[in-house]
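Trainee: Those protein sequences? They're chains A and B, same order as listed.
First residue of the first sequence: 305, per my numbering; consecutive thereafter.
First residue of the second sequence: 10, per my numbering; consecutive thereafter.
Since the hints were derived computationally from the structure, they do not count as laboratory data.
Computed footprint of chain A on chain B, listed as stretches where at least three residues anywhere in the stretch have a Cβ under 8 Å from a Cβ of chain A:
1) 46 to 55
2) 61 to 73
3) 113 to 125
All C-beta atoms, glycine included, are put in the ideal place defined by N, C-alpha and C.
Single-letter residue listing:
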Amino acid sequence: AQKITQTQPGMFVQEKEAVTLDCTYDTSDQSYGLFWYKQPSSGEMIFLIYQGSYDEQNATEGRYSLNFQKARKSANLVISASQLGDSAMYFCAMRETIQGAQKLVFGQGTRLTINP
Amino acid sequence: NAGVMQNPRHLVRRRGQEARLRCSPMKGHSHVYWYRQLPEEGLKFMVYLQKENIIDESGMPKERFSAEFPKEGPSILRIQQVVRGDSAAYFCASSQRQSVFGETQYFGPGTRLLVL
Numbered sequence: 305a306q307k308i309t310q311t312q313p314g315m316f317v318q319e320k321e322a323v324t325l326d327c328t329y330d331t332s333d334q335s336y337g338l339f340w341y342k343q344p345s346s347g348e349m350i351f352l353i354y355q356g357s358y359d360e361q362n363a364t365e366g367r368y369s370l371n372f373q374k375a376r377k378s379a380n381l382v383i384s385a386s387q388l389g390d391s392a393m394y395f396c397a398m399r400e401t402i403q404g405a406q407k408l409v410f411g412q413g414t415r416l417t418i419n420p
Numbered sequence: 010n011a012g013v014m015q016n017p018r019h020l021v022r023r024r025g026q027e028a029r030l031r032c033s034p035m036k037g038h039s040h041v042y043w044y045r046q047l048p049e050e051g052l053k054f055m056v057y058l059q060k061e062n063i064i065d066e067s068g069m070p071k072e073r074f075s076a077e078f079p080k081e082g083p084s085i086l087r088i089q090q091v092v093r094g095d096s097a098a099y100f101c102a103s104s105q106r107q108s109v110f111g112e113t114q115y116f117g118p119g120t121r122l123l124v125l
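Generate coordinates for the entire structure from the input sequences, incorporating the hints supplied.
Mentor: In structure tokens:
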């Protein structure tokens, strides 16, 4: 079984600072995908960024980048130049691929608060 | 291009009633997933469907819960004889296809079910 661990229940950051949200995973699969989603107070789940296990370069999407360290099984999300609108819950997830199963396993989430 | 649609956004039921949650995937997507989110928790996989087929229902409770994705129309998650513990946010996601590494799943806005 796969497992996702987010060790930071809450983070408080000053506006315009960079922030790193931690995510470690546990899997015996060789091929897997890692995802980050944002859930603002309105409740929807917004896809942010994806990293494939065989991707040699870290994924980047605008102000979001994924610090992928395969040997350490970590996939931390880095948000540069944080904005007030970044305040939300952030979930790390892994695609489970055992026996054709196609589902996401989520961590418990990190609540990020950006202070003005 | 419309995203994943879910309705209703909010649903209130009394114990013992039935709840029907609907999900229309993004245009061109034929894979649908249902997840449940309890308060202050991450999302938990329930079921994965393709048109007219349940592919993986390993996350579905054995009783009272059922899902379908007919040839025509939206996917339906049905909860019979609801209990207070069913109160949660139910998210639907869709993807275009499956791949070894994982196709990105795009989420709908969710249905908040409250059982009185």
